[in-house]
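Chains as they are written, first to last, in the numbering used here: chain R, 1 to 377; chain Z, 1 to 377; chain D, 1 to 294; chain X, 1 to 294.
Since the hints were derived computationally from the structure, they do not count as laboratory data.
Computed from a prediction, not measured in an experiment: that's the story for all the values here.
Yeah, the Cβ is synthetic: ideal placement off N, Cα and C, and Gly gets one too.
It is possible that some hints are incorrect.
[To be verified] As a list, the in silico EDC-like pairs of lysine to aspartate or glutamate whose alpha-carbon atoms are at most 16 Å apart: (1) X:K228 - X:E286; (2) R:K3 - R:D204; (3) R:K363 - X:E282; (4) R:K22 - R:E95; (5) Z:K363 - D:E282; (6) R:K96 - R:E70; (7) R:K363 - X:E279; (8) Z:K3 - Z:E69; (9) D:K43 - D:E30; (10) Z:K286 - Z:E238; (11) Z:K363 - D:E279; (12) D:K166 - D:E279.
[Stated by the list, open to error] Stretches of chain D that chain Z covers, calculated by requiring three or more beta carbons in the stretch to come under 8 Å of a beta carbon on chain Z: (13) 54-67; (14) 82-94; (15) 131-141.
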Amino acid sequence: MVKLTEGRGKELFRKYGVAVPKGVVAGSADDAARAVASGAVPLPCVIKAQVLAGGRGKGGAVRFASTPEEARAAAAAILGSSFQGETVREVLLEEKVAIARELYLSFALDRTARLPILMTSARGGVEIESVDDSEIERQTIDPFPGLVAYERRRAARSLGLTGPLVGELDRLLTGLYRLFDDEDAELVEVNPLAVVGDRLLALDAKVIIEDDAAFRHPEFAAVHDDRTPLEEIAREKEIAFVQLEGNIGVIANGAGLTMATLDVLKEFGGAPGIFLDLGGTDDPKKVTEAFLLMAQAKPKAVFLNIFGGVTRCDTVARGLVTALGSVAPSERFPLVARIRGNNEAEGIAILRAAGVTSVPDLKASAQAVVAAARGGP
Amino acid sequence: MVKLTEGRGKELFRKYGVAVPKGVVAGSADDAARAVASGAVPLPCVIKAQVLAGGRGKGGAVRFASTPEEARAAAAAILGSSFQGETVREVLLEEKVAIARELYLSFALDRTARLPILMTSARGGVEIESVDDSEIERQTIDPFPGLVAYERRRAARSLGLTGPLVGELDRLLTGLYRLFDDEDAELVEVNPLAVVGDRLLALDAKVIIEDDAAFRHPEFAAVHDDRTPLEEIAREKEIAFVQLEGNIGVIANGAGLTMATLDVLKEFGGAPGIFLDLGGTDDPKKVTEAFLLMAQAKPKAVFLNIFGGVTRCDTVARGLVTALGSVAPSERFPLVARIRGNNEAEGIAILRAAGVTSVPDLKASAQAVVAAARGGP
Amino acid sequence: MTVLVDGETRVVVQGITGHQGTVHTRAMREFGTQVVAGVTPGKAGSAVEGVPVFDTVREAVAKTGANASCLFVPAPFAKDALIEAVDAGIRLSVLVTEHIPFHDMLVMYHYARARGTRIIGPNCPGIAAPGRSKVGIIPNVVFRPGRVGVISRSGTLTYEIVNGIKEHGLGQSTCIGLGGDPVVGTSFVDALPLFERDPETDLMVLVGEIGGTAEEDAAELIRTSFSKPVVAYIAGRSAPPGKRMGHAGAIISRGRGTAASKVAALERAGARVARFPYEVPEIVAELARTQARR
Amino acid sequence: MTVLVDGETRVVVQGITGHQGTVHTRAMREFGTQVVAGVTPGKAGSAVEGVPVFDTVREAVAKTGANASCLFVPAPFAKDALIEAVDAGIRLSVLVTEHIPFHDMLVMYHYARARGTRIIGPNCPGIAAPGRSKVGIIPNVVFRPGRVGVISRSGTLTYEIVNGIKEHGLGQSTCIGLGGDPVVGTSFVDALPLFERDPETDLMVLVGEIGGTAEEDAAELIRTSFSKPVVAYIAGRSAPPGKRMGHAGAIISRGRGTAASKVAALERAGARVARFPYEVPEIVAELARTQARR
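Only chain R is shown next, with the shape it has when bound in the complex (with noise of 0.2 Å):
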C-alpha cells in the first residue's frame, strides 16, 4: 500500500485535470518564503505538513500566513516536528480559497460488488465516518465502459449542485475516475471538496496505490511511506512483515495462520507485537533473513508457527537453524517451535539437533512462548 501525500496526490490531481489550489512544496523554511515572495503561492496562504496520518488540522499540522515571514515562520515551525510518530520533512503552501461549500468525494473499491465504488456526500470536510449513511451517495461503477454521464449526474445531485458546477464535476469525475484506473489505486478521496464561485477545487487529496501495481508503477518506488525501518528492509527483500505493539515475535506462514497465532497469543495473556510472514516460501535463505529481521526487532521471545503444505518443514527448519548461528549469544531469546505438516518429522529432528524443541500443539506451544515472554522458564 502506498500512500501518497497530499502534495503528491495533488501533483497527479493536476495530470488528470482536476484543479487544485495554487499551490508549492517545499523542503525548508527558505524555500516556503521564496515560494510565497515569488508569487508562486499567493497571500493569503495556508501551510499543512505533509504527513500521511490524518487529524492535522486539530493537531497543529496547519497553519496559515499573510506575509512571506509568516509564511517562512509557520514553515519553520512545522518541519522537523513530529506528528503522530512521523518526522514532517515537507510542507504544501496553498493559496487560502474562499470557500462556499465543503463537499466529500472519493473512488474505492467495492469488494462485495467487485467493482469500484463512487461515494459522494454534501456533508464534507469531516470526517467521512460521523455522516449518516443517508447523506452518503454511492455508486458502483462498470470499468467497461467507465464512468458514464447519469452516474455523474446522479453524484451531482446528491451534492447539490447546480449550473456550471455541474461541468466542473463531470470534468473533475472524469479525471478522478481515470486516475483511481490508471494509477492502479486503492482509494481517491476529496475530503473537502469546495465549491470556490462557480468552480470546485480539491482542498485535500488522498490518494493509495495499490502495492500488488507497482510493477506498473515503478515511478511510486521510491514514496516515503508510514513504515517503520524495519519495515522498510522487509519491503526491499519482501518479506512480509509488521510491527506494533507488543513484545513477542511471530513467524507464521500465511495471513490466516499469523492473525489465529496473535488470537491464541492473546488469549493466553501475551502480547505479540513483530509479524513475519513467511508465506510460500520454500527457501532456506529466505528463512535466515527473515529469522535475522526479527532478530532485530528485540522481540522477548519469538514464536514459529509453521504448517507445512506446500513449505517443507525441514527446508524451514534448516534456515532457521543457520539463522540461530549468526545471531550473537548477548542477542538471543527464547524460541518456541511449532512445526507440522509436510517433512514433519525431518524437520522436528533438525531443530532438536539445534536445541529446539517443538510442540506440536498449539494450545501448549503458545502457553510456553508467553511464559518464556515473562521470562519465565
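Please build the complex by placing chains Z, D and X on the supplied structure of chain R, with the hints as guidance.
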C-alpha cells in the same frame, strides 16, 4: 471517412510508439534536398508521393535517390504531378532499409462479430486481396479487455516471427490497437511491415478515421481528402453529396432510396452521376442549399425522388421552388419530381404552381428523367 | 408480444424535449403506443405531449413501469444514454440517433447484450406493429395491420415498400428498420428467428443494401432454418464499387458484400429477389394469393 | 460432479514449466487428478511429469479435452492468461498466483463471469475433493474422503483445520480455499449454494478473516437458505484495527468487517463459531456424532 496520407499516418504511428523508418515530409524540391543534406533522412532514400490512392509503386509515384541532388530531382518530378486524379502536394522522404521479409497487418471492424478484427499474414508487400485465405490469420479482439497476450502470440506465429521479433511485434500490436481504439479508426493497415535486422518497421501506413467520431478529433478536421470541390462544400454544409461519372442528378432522402433510384435509372438507360441525399431534413433552407449545390454540378436533368415519412413533402417542395427561382435561366435543367408520403397533396400542389409536375409512379418518372437527359421531351 | 413490441410495451423517450423527441412522441401516441415517460436531464417535472418528463431513466422506470426506450439523444451522448437505459432495466432500446461512432456502438452492443437488453439501430427508423405499438419514427400512414413481416437496413426505402404493401391491399405484422450502420444492435440474422416464431407473420420481406455481409448471413439462416416465404430487395445493384474501408474491408468480406453476391445467396436460399423496389409489393401480393389458395 | 470438480475434471496447468507448476503437477497427479496438459508459450512439444506441454490453452483443450485450468503464471501476466483460458472454453480456473493487482481482477472476474467460467482465487490454494480430484496446491496429506465441506479465505490455516478434521477421524467432501484478496472469483456466498446442493456434504466448515464483509454476507445466506450445520472460525479476532483503505474503506463496510461483527452475524445465523482454530475439528466431531445418532 478521413483517410490519412502515409506521412500523417506515420506521425500517428510514432505517437503510439510504432517504429517507422527515419523520414521527413516535404512540400517542395528544395525542402526535400535539405532534408537529405541535413542528414534528417539518411541516404540512400526513397521518395514517395503523398496521395491516397494505392499502386504508387507501379505508377511512378515512388522513386529512389542516393544523393541530395537525386532526391531533389525525384521530388521535383513527383510534386505537382497528378496521380489517379489527385495532385501530389507532398512527398515523404525516408531512409531505404534492408528488408529481410515483408509482412501484412491490419486492424479493422468485423461487422458480423461487432468486434475489432486483427488480420496478419506472412505474405506482405503484395495486395492482400491476392493472398489466399489460408495464409491470413484473423482474430477478433474484445475491446474489454483489449488485445491480450495470447492473441499477440498467435499473430507472431502467423507471421513466422521468433526471438526478439516477438517482443517487437508485441509492442507494435499494443501501440496500433491503442491507435485504432483511441483515434476512432476504421482501418489501421501496415503493408508492408518489414523485418529489418531484429526490428520491425512499418514501411507504409494506411489509417482511416471514422467521420462520425469527428467530434472527438478536431485535429483531423483540416485533413486533405479525396473529395471534389463541390463535395468539400457539401461536407461543410453537412449535405450528403457524391459525384461520380454520369449526367443525371438525383435528389432523394435516405441512402437506400437513393441507391434504389440509381438502380431504376440505370435500368432505363440513364447515367446518374450526382447524388444528393437530403436525409431526414425538414428544413426548406437546407433543401434550397442542396438544390443550388446540385445546380452547380451542371446536371443534364434532375430527378427529385422523395418519400415523405419524417420529412414533409410540402416543406421539401417549398424549398425546391425557392431554389428554382435563384437558378439563372441559362443554367436551368429539366426537373422530374416524384414526391410521396407525408403531406403529399400539398407538396404536389406547390410544385405544380411552380410548373413542376410530380409523377407518382417510380418507373414512369425514371423513364421521363432519362428521356429528358437525352434532350428528349 | 409477437415480435419485440405489443400492447404491453411502455415507452420512455430519451431526449423527449428536443424537436424530434416531441414530434415523434406525438406520432407514437397517435399510432397507439403507450408512451409513458420522457427523460431529459434537468427538465424533470415538465411534460411533453402530456407525457411526464424525468431526470433519469431509473426514475422513469420506477414511476411509470417503462420497459422500452426510444433514443433521440445526440450522437456524442448516445452511448451514455443507452447504458443508462440498460442499467435501468429497459429491455428494448431503439436508437434513432444517427452518426454514432462505431467504436461507441461496439461498447453499447456488447454491454446491452450481456445484460439482456435488445438494441434496434442506431440510425434506424425503429419498429412498428400496426394496431399494437410503434417505437421509433416510421410514418404511421404507411401501415395497415396484416401478416407480412418486414425487416430492412434502409429508412425511406422501407416506407416506400411498406406503403406499397398497403396499396396492394395487404398489411404488416411487424416492421423493423434495422439501420444501415456498420454496427447494428439487431441484424437480419437476429431478427429472422423472431419472425419465424411469430404466429402473426406468414411472409417475410427483407430489404438489404450493398456493403457488409448481413444479407449473405441472412441467406444462410433462411436456407437452414426459416420456413416462411421471403421476398427480398437489395438496393445499390448498379452502384459503383465502393472505396470504403479500402483493402482490409475487401478481405474481410472476400468477394461477398456486393449486390450480386447478396442476390445470388438469397436466391440460393429460396428467396424471391425483386429487381426494383416497386416489384416487392407485387411479388408479396402474388405469394399472398398463393398462400390464401392453399 | 459434486462441487465443481470430480473424476471428469481434466486439468491444464498454465505455467507448467516453472518450479511451482512442476511441483504441483506432480502433487496433483499423486492426488489422482487428471492433469492432461500444460501450457507455457514457446515450450510446446516438451513434457513435464509426463504431461504434454502446449503453446496455447486452445491447443491444449483441442488435443486433450481439458476443462479446468490451474494458473501458476506470474502476476503481471495472469490477467491475459486467465482470459486465454476463458476464450479457450475452460469452465473452472484456479488462480494460485498471488499479488495480482485488484484492478486486473475486476476485469478478470467480470470477463469470466459473463462467459460462464468460474474463477477460484487468486492467491488461493485451490480446490480438492478427496478421492476425486484436486486443482491447486493444498497438500495431499491433510485430506481424507468424508462428508465435511470446507470453505476458507485462508491458506495454511485451512491446511491446519482440514488436517485437524482428519486427525479427529473424519474426512472432507470438498475443500475450497477461496483466497484472501480483496477481489476473489468465488466468495463464501458463491460457494455455499454449491455445498447446499451437494449430496456428499453433511456439514460445513467456514474459515474467515477480518476485513471485508464476505463473512457477514455468508451469514445472511446461511440464515436464509443454507440447511446444513455450519462451524465457523474467524482469524484476527485480536488484531488491532487495520489502517488499510483508510476512511473510505471504513464507510463502505460501516462497522462491519470486524471480527466481532462477523462472529455475531454467524452466530445469529445459527453457526457454531470456534474461538480458536483447534476448536474447529472438535466441534465438527461433536456435530458429526450428533448427526450420526439421528
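Between K363 of chain Z and E279 of chain D, does the CA-CA distance stay at or below 16 Å?
-> Measuring from Cα to Cα gives roughly 10 Å; hence the hint holds.
Check whether three or more residues of the segment 131-141 of chain D sit with their beta carbon closer than 8 Å to a beta carbon of chain Z.
-> holds (count 4)
Hint consistency between K3 of chain R and D204 of chain R [alpha-carbon to alpha-carbon, up to 16 Å] = holds, 14 Å
Can the restraint linking K363 of chain R and E282 of chain X be considered satisfied, given a maximum Cα separation of 16 Å?
-> holds, 14 Å
Please work out if K166 of chain D and E279 of chain D have their alpha carbons no farther apart than 16 Å.
-> holds, 14 Å
Are there at least three residues in the segment 82-94 of chain D whose beta carbon sits under 8 Å from a beta carbon of chain Z?
-> violated (count 0)
Would the pair K43 of chain D and E30 of chain D pass a check requiring their Cα atoms to be no farther apart than 16 Å?
-> Not OK: K43 of chain D and E30 of chain D at ~24 Å, beyond 16 Å, violated.
Establish whether the coverage given for the segment 54-67 of chain D by chain Z is satisfied; the threshold is a Cβ-Cβ distance below 8 Å, and no fewer than three residues must meet it.
-> violated (count 0)
Does E279 of chain X lie within 16 Å of K363 of chain R when you go C-alpha to C-alpha?
-> holds, 10 Å
Keeping to a limit of 16 Å between CA atoms, is the pair of K363 of chain Z and E282 of chain D held or broken?
-> holds, 14 Å
K228 of chain X paired with E286 of chain X [C-alpha distance capped at 16 Å] = holds, 15 Å
Between K286 of chain Z and E238 of chain Z, does the CA-CA distance stay at or below 16 Å?
-> holds, 9 Å
In summary, the structure is inconsistent with hints 8, 9, 13, 14 from the numbered list given earlier, while agreeing with the others.
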